[in-house]
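Kindly produce the complete structure, drawing on both the sequences and the hints.
Quick mapping for you: the protein sequence lines, in order, are chains A and B. Heads up: the first sequence is residues 1 to 538, going by the working numbering. Heads up: the second sequence is residues 1 to 197, going by the working numbering.
To be clear, the hints were calculated from the coordinates, so they are not data collected in a lab. Some hints could be false.
[To be verified] Taking lysine to aspartate or glutamate pairs in the EDC-like style, the calculated list, with each CA pair at most 16 angstroms apart, reads:
1) A:297 - B:83
2) A:361 - A:380
3) A:335 - A:187
4) A:145 - A:19
5) A:277 - B:57
6) B:45 - A:295
7) A:474 - A:435
8) B:45 - B:57
9) A:316 - A:187
10) A:95 - A:117
11) A:114 - A:376
12) B:172 - A:19
[As the list claims (entries may be wrong)] Listed next, with one range per pair, are the computed distances between beta-carbon atoms:
13) B:80 - A:176: 35 to 41 angstroms
14) B:138 - A:249: 33 to 39 angstroms
15) A:109 - B:171: 32 to 38 angstroms
16) A:441 - B:132: 15 to 21 angstroms
17) B:181 - A:70: 19 to 25 angstroms
Note that CB positions come from ideal geometry on N, CA and C, so glycine has one too.
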Amino acid sequence: MSAPIVIYVPRDAAALAMDADAVAHEIERIADERGVAVQVVRNGSRGLLWLEPLVEVVTHDGRVAYGPVAPEDVADLFDAGWLSPGNGDSKATPKTASSHPLCLGLTEAIPYLKHQERLTFARVGVIDPLSLQDYAAHGGLAGLKRALAMEPAAIIDEMVTSGLRGRGGAAFPTGIKWKTVAGTPSDQKYIVCNADEGDSGTFADRLLMEGDPYVLIEGMTIAGLAVGASYGYIYVRSEYPHAIATLEAAIARARSVGWLGADVHGSGRRFDLEVRKGAGAYICGEETSLLESLEGKRGVVRAKPPLPAISGLFGKPTVINNVISLATVPIILAKGANYYRDYGVGRSHGTLPFQLAGNLKQGGLVEKAFGLSLRDLLYEFGGGSASGRPLRAVQVGGPLGAYLPESQWDVPLDYEAYIQISAMIGHGGLVAFDDTVDMARMARYAMEFCAIESCGKCTPCRIGSTRGVETIDKIAAPGADARQREQQVPLLRDLCDTMMGGSLCALGGMAPYPVLSALNHFPQDFGIESSQSAAHAA
Amino acid sequence: MHQREAKSDLASSGGARGGPLALDAAQASATPAIATTARILARLKDLPGPLLPVLHEVQHELGCIPAEAVQTIAEALNLSRAEVHGVITFYPHFRSQPAARHTLEVCRAESCQAMGSEPLAAHARARLGCDFHASSADGNFTLEPVYCLGLCAQSPAVMIDGQPHARVTPDKLDRLLARTLDRASEHTLDRTPETTP
Chain A
1 MSAPIVIYVP RDAAALAMDA DAVAHEIERI ADERGVAVQV VRNGSRGLLW LEPLVEVVTH
61 DGRVAYGPVA PEDVADLFDA GWLSPGNGDS KATPKTASSH PLCLGLTEAI PYLKHQERLT
121 FARVGVIDPL SLQDYAAHGG LAGLKRALAM EPAAIIDEMV TSGLRGRGGA AFPTGIKWKT
181 VAGTPSDQKY IVCNADEGDS GTFADRLLME GDPYVLIEGM TIAGLAVGAS YGYIYVRSEY
241 PHAIATLEAA IARARSVGWL GADVHGSGRR FDLEVRKGAG AYICGEETSL LESLEGKRGV
301 VRAKPPLPAI SGLFGKPTVI NNVISLATVP IILAKGANYY RDYGVGRSHG TLPFQLAGNL
361 KQGGLVEKAF GLSLRDLLYE FGGGSASGRP LRAVQVGGPL GAYLPESQWD VPLDYEAYIQ
421 ISAMIGHGGL VAFDDTVDMA RMARYAMEFC AIESCGKCTP CRIGSTRGVE TIDKIAAPGA
481 DARQREQQVP LLRDLCDTMM GGSLCALGGM APYPVLSALN HFPQDFGIES SQSAAHAA
Chain B
1 MHQREAKSDL ASSGGARGGP LALDAAQASA TPAIATTARI LARLKDLPGP LLPVLHEVQH
61 ELGCIPAEAV QTIAEALNLS RAEVHGVITF YPHFRSQPAA RHTLEVCRAE SCQAMGSEPL
121 AAHARARLGC DFHASSADGN FTLEPVYCLG LCAQSPAVMI DGQPHARVTP DKLDRLLART
181 LDRASEHTLD RTPETTP
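What follows is the structure, encoded as structure tokens:
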């Protein structure tokens, strides 16, 4: 009896949402019926999300992809001979059913994947997310092993040199944050992972947690070693039940083999962590609000200072980093700070997992070094709009990010270059809209969202957002005359100015970005002359 | 009637409000909600920052966080009822009233809007005959908005009883809702109200 044929069917929520469980079940059922020995492995997602469920068959030449596979396609794939014996040395290496319309050839050769620079996401979609053996066999633990042999200060130096900046959106240098925590004496310190990925158009954290949870555990452990923290929390939003389940299973397994606990990898050092579940409040993605929530309170933003690095969770020095920041730590330690630093442009070092969403033909995750343009992402990777209509606006960086018109799509994706055009890269999510979008409506939505999600602590955000909705309604009202619009537009700008300058955190402070960018770049949607808008924008 | 008995249970705990005696008494309460809540508290109250884990667990077991649970939680954690109420009402995930048998969450964030989630939301409202934050008259579905399920590349997305579905058209939504009811009726014997929204 030869070894079974290995078939990968993703278990990521993106695949489950397209019936991956039924596909996996159908493959096993038909294989059994036809007497073919198969082993179905449930991997994470490769991030080619328009192709989910993307099923891969291990052949002599490598993994061959088929997608998107619906349960009713499975019998057809068997008929096309996707598991028939190939030219390899055993039955376990079937030939490629290249004649089948769903066959995509070798996964690694698909241009969307081939042209990426996957550092943080190197293992996502490749391995069984919960297999400790897979993780170690694919380069896992190398960073931690090196860190265990280093002085804490040397680990932090490595992080500073790497140039890694907070991937949650604020882009604060991770190493500097760690240095502050390390330099603050305390009997107890914490590592908190912000996995409250609430921005629309972002899913990198989710893909990573569901596809390679051990890399996050490893990154948090290294952070603990570097700053002297013995305990960590991963705060995951309740909208991500599959990520929570995967992390909990991974933590239990890691603990059982001594990757976590009182004696991490036999080093005599203690580090353990647990998952805490959010409860649907967007504001808890803001770091101080997240800490309040972890402490069991309403997620109300704290005034800074004190910085969480000095007085964070339960008043103790706390490293609070985004999932992607922490999951990037292991590769930096494994390959060295300079290896990572050499990717990117200017002061934006390394890679960013961009997330292509909204009205795009080929939505998914693209990890690339900084410096490419939005146009590359939208057309080279994204393949243009899903609807076939021309693209008109792209919101970059979540609900608080600016809407960019086509004239700005060639600006290199680099933190500083984006700040210069009053935009932000944020968490790297981009949502594309075709020419049917009404930008006045999107501007209104930005204010409405801010009003729904405001924690209520500061007035500019709590009241300003509601006044913003009302003012936009007056401007964009079908019956509004030119004079009314003329009066309301300066009011709206003034209000945005107050919110940007007077809000306690980024929710109120940045909600004006989508509003103002819509007003400046798409004035016709508000029924105003572009000259009037341009004069103000200048 | 049961509620009144429960309150006297607490009062009879000899002035030990908030202490372990009160929790023991509450665990023996004749009111199931109080007994369940007390059992959860006994297990979780010593966690650092226990309130959110406790509320999640209570809602998971009881389908919501009923008013009688609030008193028990407040006493066990040495908080005021106002503080516990404040936390429950701050977070959209927590509910004070039970949901219908099934929960349909429709994403209304930007990415889904770019792919037609507003017409989909209108269809869901018409189909269930209720607005957001409400339940259909037959008690089958509660309709909730959600701001991003992290399925933005496959918009529009919905979640039914915690299971995600992507690229949802009005037709697909109808099929998913029908399938949910079919599956529920297959399991009539162990049919209990959904506990997690």
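Here's how the hints hold up against the structure:
Simply put, residue 297 of chain A and residue 83 of chain B have alpha-carbon atoms about 8 angstroms apart, close enough for the 16 angstroms limit, and the pair holds. Among the hinted pairs, residue 361 of chain A with residue 380 of chain A is consistent with the structure: their alpha-carbon atoms are about 11 angstroms apart, no more than 16 angstroms. About 32 angstroms separates the Cα atoms of residue 335 of chain A and residue 187 of chain A, which puts this hinted pair outside 16 angstroms; it is violated. Distance restraint check for residue 145 of chain A and residue 19 of chain A: the Cα-Cα separation of roughly 39 angstroms exceeds the 16 angstroms cut-off, and the hinted pair is therefore not satisfied.
Proximity of residue 277 of chain A to residue 57 of chain B is assessed by CA-CA distance (about 11 angstroms); at most 16 angstroms being required, the pair is judged to hold. About 12 angstroms separates the Cα atoms of residue 45 of chain B and residue 295 of chain A, which keeps this hinted pair within 16 angstroms; it holds. The suggested pairing of residue 474 of chain A with residue 435 of chain A is violated, with an alpha-carbon distance near 23 angstroms, which exceeds 16 angstroms. In summary, the hint linking residue 45 of chain B to residue 57 of chain B is supported, as the alpha carbons are separated by about 12 angstroms, within the 16 angstroms threshold.
A C-alpha spacing of about 9 angstroms is found between residue 316 of chain A and residue 187 of chain A, which places the hinted pair at or below 16 angstroms, so the restraint holds. With a C-alpha separation of about 29 angstroms, the suggested pair residue 95 of chain A and residue 117 of chain A falls outside the 16 angstroms cut-off, and the hint is violated. With a CA separation close to 15 angstroms, the supplied pair residue 114 of chain A and residue 376 of chain A stays within the 16 angstroms bound. At roughly 13 angstroms between alpha-carbon atoms, residue 172 of chain B and residue 19 of chain A fall within 16 angstroms of each other, so this suggested pair holds.
At about 40 angstroms, the CB distance of residue 80 of chain B to residue 176 of chain A agrees with the hint of 35 to 41 angstroms. For residue 138 of chain B and residue 249 of chain A, the Cβ-Cβ distance of about 37 angstroms falls inside the hinted range of 33 to 39 angstroms, so the restraint holds. Here the CB-CB span from residue 109 of chain A to residue 171 of chain B is close to 36 angstroms, well matched to the stated 32 to 38 angstroms. With their beta carbons about 18 angstroms apart, residue 441 of chain A and residue 132 of chain B fall inside the hinted range of 15 to 21 angstroms.
The supplied range of 19 to 25 angstroms is met by residue 181 of chain B and residue 70 of chain A, whose beta-carbon atoms lie about 22 angstroms from each other.
The structure shown violates the earlier hints numbered 3, 4, 7 and 10.
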